[in-house]
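J.: Each chain is listed here by its residues.
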Amino acid sequence: MKHLLDCLKTYWKEAALSPLFKLFEVGLELLVPLVVAAIIDVGIGGGDSGYIVRAGLLLVAFGALGLVFALTAQYFAAKAAVGTAAELRSRLFRKLQSLSFSAIDGIGTAQMITRMTSDVNQVQTGVNMALRLFLRSPFVVFGAMAMAFVIDVKAALVFVAVIPLLAVVIYTVMGVCVPLYQKVQGNLDKVYLSTRENLSGVRVIRAFSLEESEQREFGARCGALTKSQKTVGRIAALTSPLTFVLINVAVIVLLYVGAIRVDGGYLEQGQVVALYGYLAQILIELVKLANLIVTVTKAASCQKRIGRVLDMEGEPEVLLPAEEEEGPAVEFRDVSFAYEGGGANALTGISFSAERGETVGIVGGTGSGKSTLVSLLPRFYAATEGSVRIGGKDVKAIPADDLRKTVAVVPQKAVLFKGTIRSNLLWGNGEAAEEELLRAVSLAQAEDVVAAKGGLDGEIAQEGRNLSGGQRQRLTIARALVRRPGILILDDSMSALDYATDRNLRNALKTLGCTVFLVSQRAASVSHADKIVVLDEGRLAGVGTHEELLERCEVYREIYRSQVRRDV
Amino acid sequence: MRSSTLRGILRYLRPYSFFLVCTVLLALVNVAGSLAVPYLAGRGVDCILGRGEVDYPALYRIFCAIAVCIAVSAAAQWLMSLSNNRIAYHVLADIRTDAFRKIEVLPLKYLDARAFGETASTVITDAEQFSEGLLLGFTQLFTGAATILGVLVILFVMRWEIALVVLFVTPLSLFAAKFISSRTYRMFREQSDVRAEQTAFIDEMVGNLKVVKAFCHERENEETFDEINARLKRCSLKAVFFSSTTNPATRFVNAVAYALVALSGALLVLTGGAFTVGNLSSALSYASQYSKPFNEITEVIAEFQNALACAARLFALIGEESEPSDGGNVPLGKVRGEVELSHVDFSYTPEKKLIEDLSFKAPAGKRIAIVGPTGCGKTTLINLLMRFYDVNGGSVTVDGKDVRAVTRRSLRENYGMVLQETWLKTATVRENLCMGRPSASEEEMIAAAKAAHAHHFIMRLPKGYDTVLGDEGALSQGQKQLLCIARVMLLRPPMLILDEATSNIDTRTELKVQDAFAKLMEGRTCFIVAHRLSTIENADLILVMKEGAIIEQGTHSDLLARRGFYYELYNAQFAE
Numbered sequence: 038m039k040h041l042l043d044c045l046k047t048y049w050k051e052a053a054l055s056p057l058f059k060l061f062e063v064g065l066e067l068l069v070p071l072v073v074a075a076i077i078d079v080g081i082g083g084g085d086s087g088y089i090v091r092a093g094l095l096l097v098a099f100g101a102l103g104l105v106f107a108l109t110a111q112y113f114a115a116k117a118a119v120g121t122a123a124e125l126r127s128r129l130f131r132k133l134q135s136l137s138f139s140a141i142d143g144i145g146t147a148q149m150i151t152r153m154t155s156d157v158n159q160v161q162t163g164v165n166m167a168l169r170l171f172l173r174s175p176f177v178v179f180g181a182m183a184m185a186f187v188i189d190v191k192a193a194l195v196f197v198a199v200i201p202l203l204a205v206v207i208y209t210v211m212g213v214c215v216p217l218y219q220k221v222q223g224n225l226d227k228v229y230l231s232t233r234e235n236l237s238g239v240r241v242i243r244a245f246s247l248e249e250s251e252q253r254e255f256g257a258r259c260g261a262l263t264k265s266q267k268t269v270g271r272i273a274a275l276t277s278p279l280t281f282v283l284i285n286v287a288v289i290v291l292l293y294v295g296a297i298r299v300d301g302g303y304l305e306q307g308q309v310v311a312l313y314g315y316l317a318q319i320l321i322e323l324v325k326l327a328n329l330i331v332t333v334t335k336a337a338s339c340q341k342r343i344g345r346v347l348d349m350e351g352e353p354e355v356l357l358p359a360e361e362e363e364g365p366a367v368e369f370r371d372v373s374f375a376y377e378g379g380g381a382n383a384l385t386g387i388s389f390s391a392e393r394g395e396t397v398g399i400v401g402g403t404g405s406g407k408s409t410l411v412s413l414l415p416r417f418y419a420a421t422e423g424s425v426r427i428g429g430k431d432v433k434a435i436p437a438d439d440l441r442k443t444v445a446v447v448p449q450k451a452v453l454f455k456g457t458i459r460s461n462l463l464w465g466n467g468e469a470a471e472e473e474l475l476r477a478v479s480l481a482q483a484e485d486v487v488a489a490k491g492g493l494d495g496e497i498a499q500e501g502r503n504l505s506g507g508q509r510q511r512l513t514i515a516r517a518l519v520r521r522p523g524i525l526i527l528d529d530s531m532s533a534l535d536y537a538t539d540r541n542l543r544n545a546l547k548t549l550g551c552t553v554f555l556v557s558q559r560a561a562s563v564s565h566a567d568k569i570v571v572l573d574e575g576r577l578a579g580v581g582t583h584e585e586l587l588e589r590c591e592v593y594r595e596i597y598r599s600q601v602r603r604d605v
Numbered sequence: 016m017r018s019s020t021l022r023g024i025l026r027y028l029r030p031y032s033f034f035l036v037c038t039v040l041l042a043l044v045n046v047a048g049s050l051a052v053p054y055l056a057g058r059g060v061d062c063i064l065g066r067g068e069v070d071y072p073a074l075y076r077i078f079c080a081i082a083v084c085i086a087v088s089a090a091a092q093w094l095m096s097l098s099n100n101r102i103a104y105h106v107l108a109d110i111r112t113d114a115f116r117k118i119e120v121l122p123l124k125y126l127d128a129r130a131f132g133e134t135a136s137t138v139i140t141d142a143e144q145f146s147e148g149l150l151l152g153f154t155q156l157f158t159g160a161a162t163i164l165g166v167l168v169i170l171f172v173m174r175w176e177i178a179l180v181v182l183f184v185t186p187l188s189l190f191a192a193k194f195i196s197s198r199t200y201r202m203f204r205e206q207s208d209v210r211a212e213q214t215a216f217i218d219e220m221v222g223n224l225k226v227v228k229a230f231c232h233e234r235e236n237e238e239t240f241d242e243i244n245a246r247l248k249r250c251s252l253k254a255v256f257f258s259s260t261t262n263p264a265t266r267f268v269n270a271v272a273y274a275l276v277a278l279s280g281a282l283l284v285l286t287g288g289a290f291t292v293g294n295l296s297s298a299l300s301y302a303s304q305y306s307k308p309f310n311e312i313t314e315v316i317a318e319f320q321n322a323l324a325c326a327a328r329l330f331a332l333i334g335e336e337s338e339p340s341d342g343g344n345v346p347l348g349k350v351r352g353e354v355e356l357s358h359v360d361f362s363y364t365p366e367k368k369l370i371e372d373l374s375f376k377a378p379a380g381k382r383i384a385i386v387g388p389t390g391c392g393k394t395t396l397i398n399l400l401m402r403f404y405d406v407n408g409g410s411v412t413v414d415g416k417d418v419r420a421v422t423r424r425s426l427r428e429n430y431g432m433v434l435q436e437t438w439l440k441t442a443t444v445r446e447n448l449c450m451g452r453p454s455a456s457e458e459e460m461i462a463a464a465k466a467a468h469a470h471h472f473i474m475r476l477p478k479g480y481d482t483v484l485g486d487e488g489a490l491s492q493g494q495k496q497l498l499c500i501a502r503v504m505l506l507r508p509p510m511l512i513l514d515e516a517t518s519n520i521d522t523r524t525e526l527k528v529q530d531a532f533a534k535l536m537e538g539r540t541c542f543i544v545a546h547r548l549s550t551i552e553n554a555d556l557i558l559v560m561k562e563g564a565i566i567e568q569g570t571h572s573d574l575l576a577r578r579g580f581y582y583e584l585y586n587a588q589f590a591e
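As you go down the protein sequences, you meet chains A and B in turn.
Our numbering puts the first residue of the first sequence at 38, with every later residue one more than the last.
Our numbering puts the first residue of the second sequence at 16, with every later residue one more than the last.
If you're looking for bench data, these hints aren't it; they were derived computationally from the structure.
Heads up, the beta-carbon is just placed ideally off N, CA and C, and yes, glycines get one too.
Mixed in with the good hints, there may be bad ones.
[Claimed, not checked] Below, in silico cross-link-like pairs of lysine to aspartate or glutamate (EDC-like), each with a Cα-Cα straight-line distance of 20 Å or less:
id: 1; chain 1: A; residue 1: 220; chain 2: B; residue 2: 143
id: 2; chain 1: A; residue 1: 132; chain 2: B; residue 2: 242
id: 3; chain 1: B; residue 1: 117; chain 2: A; residue 2: 248
id: 4; chain 1: A; residue 1: 227; chain 2: B; residue 2: 143
id: 5; chain 1: B; residue 1: 117; chain 2: A; residue 2: 251
id: 6; chain 1: B; residue 1: 225; chain 2: A; residue 2: 500
id: 7; chain 1: B; residue 1: 248; chain 2: B; residue 2: 212
[To be verified] Calculated Cβ distances over 10 Å to all of chain A for the following chain B residues:
id: 8; residue: 47
id: 9; residue: 274
id: 10; residue: 319
id: 11; residue: 340
id: 12; residue: 364
id: 13; residue: 366
id: 14; residue: 420
id: 15; residue: 567
id: 16; residue: 573
The whole structure should be built from the sequences, with the hints applied where relevant.
T.: This is the structure:
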């Protein structure tokens with residue numbers, strides 16, 4: 038609630054004015070039965086047709102004025118709701134961008150997108166409805182009661198009795214239904230999951246002839262959904278008849294009390310009609326309120342989910358105070374690392390160093406920690422124990438922005454963004470000149486890609502879908518080179534390249550003078566590196582040149598032999 | 016189109032015709048009861064004329080009548096909801112089940128051509144909107160119409176002048192609503208366009224947040240985001256505000272109608288005659304209730320359009336042509352595994368030829384490797400072997416039987432398949448492993464997992480074999496692949512298809528898996544598609560494909576000796 042209110046604060050004027058104008062509108066509506074009572078008691082009672090006409094015109098005027106008030110209220114409510122939603126979205130976006138990689142792993146993409154889109158939209162509707170209607174209903178209900186007191190205290194006691202009863206009915210039904218609705222949603226999610234899985238896994242399902250068992254499962258999930266829908270429907274459907282019964286029983290009681298009061302001469306006939314009118318107003322309002330509660334409850338739970346994201350800690354700029362120390366270009370000092378909630382260490386006791394301009398190859402089996410190792414360099418994840426040092430400085434002491442400007446990464450998944458080749462390359466360095474872009478393209482062996490797309494301004498579809506895997510990989514490499522990094526990390530980012538391109542690229546990188554970390558599954562790709570780091574299940578199995586490792590390192594030999602002709 | 020949609024709807028409603036009749040009858044009872052109350056209350060008011068002029072006996076009779084009306088009407092309303100829910104939710108389940116059943120038998124040609132999300136949203140969202148909009152909307156429409164008619168009849172019976180006032184003034188709210196909605200349509204369009212733009216941006220940037228952070232691109236993103244956000248804010252405000260003017264407008268029309276009823280009614284009472292103050296009270300009560308059904312009907316009609324469109328999409332899916340039936344086909348039985356393709360022609364679209372006059376023979380128990388550049392038709396070949404697609408010309412035979420003459424199930428049971436994209440169900444590891452053979456024993460399952468080098472990491476999962484795998488679960492791509500391999504290991508079919516099955520596993524693990532596969536492959540016909548040539552060197556037959564045709568075939572040493580395309584491919588791998 039804190040964040041929502043905080044965002045709403047900018048629009049406090051609108052948020053206050055909207056209910057205020059609603060109040061005016063309701064006030065006018067509440068005067069209507071009094072006017073009608075006057076028409077009956079004064080106009081009809083006194084046989085004064087002029088009075089009746091004047092009172093009738095007054096009612097029309099009330100309507101017109103009410104329209105003006107209502108429109109004003111709607112406008113302010115819309116402005117506050119839309120503005121709050123925009124502010125929430127903006128804050129969410131900034132928060133998500135500030136999260137650490139561990140936090141990103143924790144939430145997951147799908148969730149982040151839902152928070153930013155449908156959840157915020159629900160909150161917008163919720164705020165809008167709350168400002169417009171949530172306050173209106175209590176105004177009408179309690180206003181009607183107050184007016185009843187003005188007319189006749191004894192008769193008004195009927196209102197005092199029936200309103201709490203109505204509140205109890207509505208809140209009990211809602212209280213029972215809200216958790217049930219969540220159950221319905223859970224069941225619906227399962228039905229959705231079945232559907233999606235059967236589409237994405239259609240080949241496997243057919244290959245295993247699972248159609249019938251999948252249908253049975255889907256049928257069962259649908260059945261569970263229907264059952265829960267009917268259960269909640271049965272209870273929710275009680276609201277309307279119960280309020281109807283309560284209000285109309287109140288009508289009987291009111292007529293009875295009214296009859297006695299009129300008989301005793303304390304009340305007039307028209308006033309009884311007016312009291313009856315107030316009861317009718319309450320009934321209409323409550324029906325609206327019941328529908329509203331569902332919308333607002335939904336919005337409230339969305340708001341809670343958004344709040345949880347906004348409450349998350351952003352990634353800190355630095356984790357340690359700066360220290361001055363000289364050292365090699367890159368050094369791992371007894372580094373261990375475990376993913377949050379991941380249990381066992383992904384890396385244990387890793388130590389090695391690399392000099393400026395060296396190429397370091399990193400090889401190892403699936404899950405041996407290759408990607409993890411290199412992601413410690415730009416501090417995507419922070420080492421749990423030991424330290425990763427660049428030029429002698431612990432990366433935990435270098436501000437994230439500076440660090441990531443020095444260390445450029447070409448990720449495993451080659452992703453480009455909607456726009457042009459140029460706009461993508463400029464991600465590396467927004468100020469890069471044309472020649473620099475072209476040079477990076479040429480170094481990355483991507484000249485043919487640029488030519489095929491008709492130059493640097495060639496269009497790139499979302500995620501680079503209009504390019505092949507190899508084309509994407511070369512452009513992502515070019516993007517990193519535009520950065521002119523001190524340290525370049527290629528995280529298995531040449532897998533889709535053919536061997537000749539792979540070789541040309543490696544040769545080109547050597548001319549750059551930056552320290553290159555080359556993660557690869559191909560022994561051939563790393564065999565010419567100045568230094569090869571061999572990982573086995575998170576531990577260092579060997580460091581050295583190709584020849585040294587072939588001699589000393591069993592794991593490396595195994596990898597190399599598995600790929601290269603047996604007779605080597 | 017329209018009429019076929021309506022026929023479709025009626026077909027789904029037919030089994031519930033009893034409940035449909037109940038709903039209609041109960042709605043009528045409910046409307047009658049709730050309309051009787053204001054009338055009776057008005058009569059009650061007439062019994063309370065003034066001091067000493069109260070007709071208590073008549074009043075008590077009226078109270079009893081009101082009580083009966085309340086009870087009957089409330090009961091009818093509740094039962095009507097139940098009956099209507101039953102129809103709506105059961106039809107929803109029926110239609111979803113049918114749509115799902117259709118998905119299971121649709122040709123892959125249909126499914127491959129569409130995004131999964133699109134089809135899934137038809138089954139989930141469209142079905143829901145159809146059910147809510149059309150079926151729940153129906154009762155609202157019916158009760159609304161009945162209420163309007165009932166009120167008019169009562170007013171005409173009471174006093175035609177009043178009825179005329181209501182009859183002419185209130186429909187103005189319909190016009191107002193229509194006017195506003197036609198104006199706001201454009202604004203909503205604009206809003207949804209900008210919203211779509213923003214969602215696409217969020218999708219792209221949040222989906223690749225790690226890249227954004229790696230390149231410190233946060234600031235630039237914020238600028239772009241804020242620009243779109245500001246535009247969205249502007250057009251949302253317009254759309255939200257203008258659409259929210261409907262209610263005040265109808266309330267205004269209603270207030271005018273109310274005032275006119277009060278005015279004309281009071282004057283009528285004054286002129287004397289049968290119109291009493293109690294009648295006036297009833298008439299006012301009706302006038303204030305009268306606009307509600309109008310509002311509801313306007314909303315329902317707007318949703319009707321949408322619901323019909325949803326229904327049309329659902330029926331289009333359900334009416335889609337299924338795969339040719341297996342009817343009359345015989346089961347294939349256990350095969351030796353001799354596969355032959357003769358003169359096969361195939362293409363996904365008639366305009367773009369893919370495979371032409373393809374022939375080869377895979378003797379039982381031999382290992383066939385398929386190599387070639389991307390797009391040469393390797394994956395297509397698998398589609399044809401598994402009969403995911405049918406050939407356009409020529410034939411595919413297994414043990415001499417045309418695959419089109421045997422049941423799909425029996426054909427596919429003879430194959431074990433490990434595909435490039437690893438697909439696992441959101442279920443436990445155990446369920447995933449035993450997918451092809453639910454009857455497998457615990458020992459068999461563990462043996463298969465061990466053979467695929469999966470047992471070790473499965474045991475490290477939080478609940479071992481009972482861990483539920485989510486779509487984005489904690490498994491790495493390579494681990495998923497190992498599970499897929501274990502799944503086939505358990506099946507031990509006479510024929511295997513491995514589609515780039517090892518591309519996500521590093522070569523060291525692959526060596527172990529290859530080892531396990533070697534055991535599995537013994538005596539089985541295998542089709543292997545892989546990028547890395549080292550993995551297929553010891554195949555019995557290598558098919559080199561290029562542009563849909565087999566351009567070379569033979570063993571590894573044959574092909575090398577030929578110094579052709581395969582020779583080039585192979586040597587590129589070790590070029591320095």
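J.: The structure should be examined with respect to each hint, and the outcome stated for every one.
T.: Hint-by-hint comparison with the structure:
1. Of the supplied pair hints, the one linking residue 220(A) and residue 143(B) holds, its CA atoms being roughly 16 Å apart against a limit of 20 Å.
2. Proximity of residue 132(A) to residue 242(B) is assessed by CA-CA distance (about 17 Å); at most 20 Å being required, the pair is judged to hold.
3. A distance of roughly 10 Å separates the Cα atoms of residue 117(B) and residue 248(A); the hinted pair therefore holds under the 20 Å criterion.
4. For the given pair, residue 227(A) sits about 15 Å from residue 143(B) by alpha-carbon distance, which is consistent with the 20 Å threshold.
5. The straight-line distance between the Cα atoms of residue 117(B) and residue 251(A) is roughly 12 Å, inside the 20 Å bound, and the hint therefore holds.
6. Among the hinted pairs, residue 225(B) with residue 500(A) is consistent with the structure: their alpha-carbon atoms are about 14 Å apart, no more than 20 Å.
7. With a CA separation close to 13 Å, the supplied pair residue 248(B) and residue 212(B) stays within the 20 Å bound.
8. The Cβ of residue 47(B) sits about 14 Å from the closest Cβ of chain A, beyond the 10 Å cut-off, so the non-interface label holds.
9. Some Cβ of chain A comes within 10 Å of the Cβ of residue 274(B); the nearest lies about 3 Å off, and the non-interface call is violated.
10. No beta-carbon of chain A comes within 10 Å of the beta-carbon of residue 319(B); the shortest separation is about 19 Å.
11. For residue 340(B), the condition that its CB be more than 10 Å from all CB atoms of chain A holds, with the nearest at approximately 13 Å.
12. No Cβ of chain A approaches the Cβ of residue 364(B) within 10 Å, the least distance being about 19 Å, so the stated non-interface status holds.
13. With a closest Cβ-Cβ approach of about 20 Å to chain A, residue 366(B) is found to remain outside the 10 Å limit, as its non-interface label requires.
14. Every Cβ of chain A is farther than 10 Å from the Cβ of residue 420(B); the closest lies at roughly 18 Å, confirming the non-interface assignment.
15. Residue placement check: residue 567(B) keeps its beta carbon more than 10 Å from all beta carbons of chain A (closest about 19 Å).
16. Against chain A, the non-interface label of residue 573(B) holds: every CB pair exceeds 10 Å, the least being about 17 Å.
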